[in-house]
Structure formats: structure tokens, C-alpha cells
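On the provided structure of chain A, position chain B as indicated by the hints.
Chain order of the listed sequences is A and B. Sequential numbering of the first sequence, starting at 137, is according to the working numbering. Sequential numbering of the second sequence, starting at 137, is according to the working numbering.
If you are wondering where the hints come from, they were derived from the structure by calculation, not from laboratory data. A portion of the hints provided could be inaccurate.
Because identical chains cannot be distinguished in the list, a pair is counted as satisfied if it fits within a single copy or across any two copies.
Straight-line alpha carbon distances no greater than 25 Å define the calculated DMTMM-like cross-link-like pairs of lysine to aspartate or glutamate that follow [as the list claims (entries may be wrong)]: (1) K326 x E285; (2) K288 x E393; (3) K452 x E320; (4) K326 x E454; (5) K452 x E322; (6) K452 x E429; (7) K346 x E237.
2 protein chains.
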Amino acid sequence: MLWFIGIGITGPDSLSLRARQIISECDIVYFEQFTSPIKEQNSYEIRSIVKGEFRLGPRWLVEDGREILDAARGKKVALLSYGDPYIATTHIELRVRAVLEGIQTDTVHASSAITSLIGECGLHYYKVGRTVTIMSGIRPSTAYYTIFENLKLGSHTVVLLEYNQNRGFFLSPVEAFKSLLEEEREQVRKVVSDSLYAIVASRIGFEDQKITAGKISSLLDKDFGKAPHTIVIPGTLHFTESDALKALAECADMPEENTPKIEKISAQMMRKYVPMVRRALEQIAPHYSDAKEFAGVLENADLYIRDAERFFEQGKDELAILSIGYADGLVDALRIAKGIEPEMNS
Amino acid sequence: MLWFIGIGITGPDSLSLRARQIISECDIVYFEQFTSPIKEQNSYEIRSIVKGEFRLGPRWLVEDGREILDAARGKKVALLSYGDPYIATTHIELRVRAVLEGIQTDTVHASSAITSLIGECGLHYYKVGRTVTIMSGIRPSTAYYTIFENLKLGSHTVVLLEYNQNRGFFLSPVEAFKSLLEEEREQVRKVVSDSLYAIVASRIGFEDQKITAGKISSLLDKDFGKAPHTIVIPGTLHFTESDALKALAECADMPEENTPKIEKISAQMMRKYVPMVRRALEQIAPHYSDAKEFAGVLENADLYIRDAERFFEQGKDELAILSIGYADGLVDALRIAKGIEPEMNS
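Chain A on its own, in the form it takes in the complex:
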């Protein structure tokens, strides 16, 4: 029998009676500490509940898994971890191996920092998009891209920061911001700037929990205190979310939506090409005033510019781009024929 037991975000005092009962009945209790840091004090408290054998579960032991599975074949074994057990995919993989080997498994779910921090920031849980992690020394291109995609949809992004148990290392929020700003200089999609609004959730569940919010420019010289920290990049903000942030966080700047600050590539294109093609059309029309066979081309160009605008308003971005590209092609064919430099290459 193999139990996966989450101890929640506040340590052993968030263990339920049921969890305590199960732990006390287990022959061997492994305490996993590599997915999240555990206070020394908590470790003592856990030991006091254990009546069987207490063992620490470092990363290699849990990932290898054989010792735990061997033990669970004949004995009652529990694997304890911080937060909810299955946020860490390592635990899911171990459970699946146990199931496939015919070992009975069960779970005690618990509060998770990643879930709790959303509410503690006053944000709406359903608006959270895909989660990312930033690691030191690795370009945060996935984080950058995910933030961009989430922002386009108005979603919030939870940005987890590297934790390395062996080295006792936490990536600081400031280092994460700097690496995102650096990534912007590479990608140039205008996603991350000094004025991006960010939230830093520090020590969620601890007594000295703190939420700090502001533009990145205001956060770069902040001291957020001890780890762990998590960053949230909000997308759109419902007024109740803004109000909640103001009440629950220390705001260096008033809450601001990030979604309106980014511009979809389609919007950038429309802003550039619609006036450009319209101008080119006006310029070329007089050259063909006597060429009746080209009157249809001029008419169509005008129609497709309007179509592009209409499609874009309707949220049909791809059709809008196709239409403005088509109108541009119609106009440029006439320009090229008259030896006028085509607009598209400008």
C-alpha cells in the first residue's frame, strides 16, 4: 500500500486528523523535500506523528522509486510532500508505476501554493492560463511566449521560479524580471517592458506571507524578503480583481491591465497596412483613369480594404490579413506595371 499525502502549504498544522491517522499507521514514511523547501521545525513535527520508520526522500530516491515501490509491496508506506502531491509530476509517475505493479495506492490531497496564491492575490482562478517556470542561466523563451499567448487571451500567467534543493538556491523575482526583459530584446514582440504590471506572491501560507504588485520598473529594486516567491503576470483585470489587488497587495503602482498594452501581430499589421494600401490606391488610380480594363481592379482593391477592416472588427484576424494582403497585391500590380516602386517592400 502506497499513500501519497500532501501536507499543504502551512506545514504539519494543516494535516487533517485522517492524514495523521494514516501517517501513524504506516510502517515507513518518506518525507520528500525537493519539490519545495520544508522548515526544520516541520520535519520534527512530522517525525513525532510517525510511529513506524521515518526516512527522508531526496530527489534521486523518489525519481528512481524502486526502494519505495519495493517497500510498498508488503508494507504500508506513505510519501509525504509539501502542498498537493500531484502538482509534482514525479509523484504521478511513481503512482502510475505502483498501479501497474499491482500496488494499492491512495491519496490525501491538500492545499497547494499554486492554487492558493491566485486567491491571495485577489485574482479569478478560472482566468489563469498555462503555467511556466523560469530557470537561471536558461533563456526564458517559453515563459516569454506563454506570457504573450496568455495575454492575448486576457489570461493571467503564473511564473514559477527555479528552486534547487541541493544548492539551496531560489531564483529571485528580480533576476526573473531581468531575464524576461533580456528576452524581449531578442524577440521584440513588445510583450515585456518596464511598464508590464507584475505581482510577486512571497511565502504563501507562511506567517509572513506578502503580496507585492507594480510595474516591473517599480519592482526591480524591491527587496521581497525570503523565498519562496512566485510571479503572476495579470492579463485583463475585472474591477473586482483590481479592487482586491489594491486591498490585499502592497501596490507600488495602481493595478493595470497588461492585455491592452500588447498588440497582436495582426493588429500591428492592420495599423500599418490599411492606411498604406489606401494611400497607394489613391496615388495609382489617376494613372489608370483611361484604362477601362483596370477599373475592376481599382474597385476590388477598395472593397477588400473595407473587408479587411470589417473582418478585423469581427475578430476574424486571419481573414483580415488575407484581405489587406490581397488589396495590396491588386494595387501593387498596377504600380509595378507603371514602374512605381511596390509598397509591399517598403
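Chain B in isolation, oriented as in the chain A frame:
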């Protein structure tokens, strides 16, 4: 003092010692039951912990909030709810009002069904995108659109199903699937079909919890048993996620990724327009073999078709569409001038 206390997903036996202590010390304990159903038995167990006054907290009372805030001004008050308290935005709003009125607040976080079910299905938590709800009698266009956007990014979508406490009503998974299929007939973006792979997580945290998975066609005649149920539409599946699903769920069909089944609008356009414009170019070229002034137009059209293909391979979808639209415009200008029906309207 106002406490927000989550009782987790398995009922009062998941309450921690700390939560029990706090509840027993409160003068008034409100038990909120409208965000999730609570078993009658659980209600009795909660009452047995309460030493002060026990009151039920229906929706109108919590949303109005004045009675609770009035009480919390002078007394110790707790609001108990199923799962984690701040998944429900109503609770965040009440907390913010308390903070603004100078009432001290604190929180006991707990396990949440919405977090737990991801791990119970064997899916990776960080890959979950924005969450949606399907309501009976309302077109699920937001759910449809969100599933589409999540699938494009390879993300999983958690689809919550309507729960109405007053009417004792739960929307069934089968009804939700039917309404999504109906929405597909309206939207025609090829997102939801009989072959979309879906997971139904039933009664998460209850003793008779069950995970069922399969193509929608295989799930439409399934009896999922008692509510609550939640649907998950997986995006891409890491092999450990597929393996976990096979081990943890009753699979009517082997796990399948949904992301490769959908086609981005840009991909649909490229598949249609690249061969079409190329054909049109070949067809019109002989008509202009003697018109040197149009040689540049033909050359440019050929170049931009190739650009479109190259941009699309590079993931620059918007530029690809703009380029193929432009090439189409160049070619059609020549066709229109010769009185040949333009391709774009076909």
C-alpha cells in the same frame, strides 16, 4: 475577525487540527453550500465541532455579505466552504470588503477539486490553460473558443459543469458534450467532433471517485453515476500523461492527443490558397508573355508564394497569410484586366 476556511474535497475529515481549533473558537460559523454540494452527514459533523452559533450560508446571504460583515466587526466569525475558499470569487469579494472596512481576515486553505482532479487524471498541472464553465440553455461559445485556443497551444481545458443548489441541478457531461457538438455546427472551426478525446472526472475526493476517458462518441451513452462531474479536454499528451491516463482512468479508447486534430485557421488558409494562387499564376502567365511591363508582376507573385510557404514553416503565420494574400492580389489584377473571373471570390 473573519476567517475563510476551506474544508477541502473529502469533507470534515480533511479539516486540520488548526482549522478545528479555529472553528471551535468562533462565535458564529457560517457554512456555505452553494458553490459545491455538501453531504448531509458532513453538515452534522461540522455542527459537532462548532461551539458558538451555527448558521447556513445560502448564496444571497454570502453575496449580500452585510450580516456576516456586521457580525465579524465585534465577534469571531468563520465562513466555511467546500474546497479551497478563494476558487469562488464571491469569497474573495467578501474578504476585500472586510479588509476595506478594517475587519481582520485570515484564511485556512484546503485541497481543491479543480486542482486535485488534474493529478487524479494523471495530467501535468502546468499544462492546464484557462478554465471554462458550461451552463444549461446557454450556447457554450466561450467554452468552445477557449478549448480551441487552449488546443492550439497544446494546453488542457478544465470544463466545469453548472451546479445550481436551489434546483439541486447538475449539468451532465453528456449534455455538455451535446451542446459543444451543437456549437461546432454553428462555428465550423473543426474543434469539437465525435473523435475529440475527453476525460470525465467524477466525484473527485469521494470514495466512489471515478475517471472515465474516451472519444466523445464513446462517452455519449455512458452512465457516469452521481454528480459532481468535471470534463477535461486534453491538448498534447506527454507519454507519461498517456501512461498515467491508461493506469488511472477507465479508457473507452486509448488516450489520444487533440491538438494535432485541430487545424489553425492559418494552416487551413495555406492549404487552400498556396496551390490555388500557383495554378492561377500558371494560367495567366501566357496572356502576358508579350507585355513586358507586367513581367515584374508575374515574378513578384512567384516570389511571394514562396515567401508565404517559408514564413509558414518558420511559424510566422501572419506574415505567411499576408504574403499569400498579396501574391493572390498580384495575379488577380492581371486576371481581372483580361476579364477572367478573379480566384479570390471562388
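The hints, checked one at a time:
1. For a Cα distance limit of 25 Å, the shortest separation of K326 from E285 qualifies both inside one copy, at 12 Å, and across copies, at 21 Å.
2. For the homomeric pair K288 and E393, the shortest alpha-carbon distances inside one copy (12 Å) and between copies (24 Å) are both at most 25 Å.
3. In this assembly of identical chains, K452 and E320 lie within 25 Å of each other by CA distance solely across copies; the values are 17 Å between and 27 Å within a copy.
4. Both within a single protomer and between protomers do K326 and E454 lie at most 25 Å apart by alpha-carbon distance, with minima of 20 Å and 16 Å respectively.
5. When the C-alpha separation of K452 and E322 is checked against a cutoff of 25 Å, the pair qualifies only between copies, where the shortest distance is 15 Å, while the shortest distance within a copy is 29 Å.
6. With identical chains, the CA atoms of K452 and E429 are never at most 25 Å apart, being 32 Å at best within one copy and 36 Å at best between copies.
7. When the C-alpha separation of K346 and E237 is checked against a cutoff of 25 Å, the pair qualifies only between copies, where the shortest distance is 20 Å, while the shortest distance within a copy is 44 Å.
Going through the hint list in order, the structure does not satisfy hint 6, though it satisfies all others.
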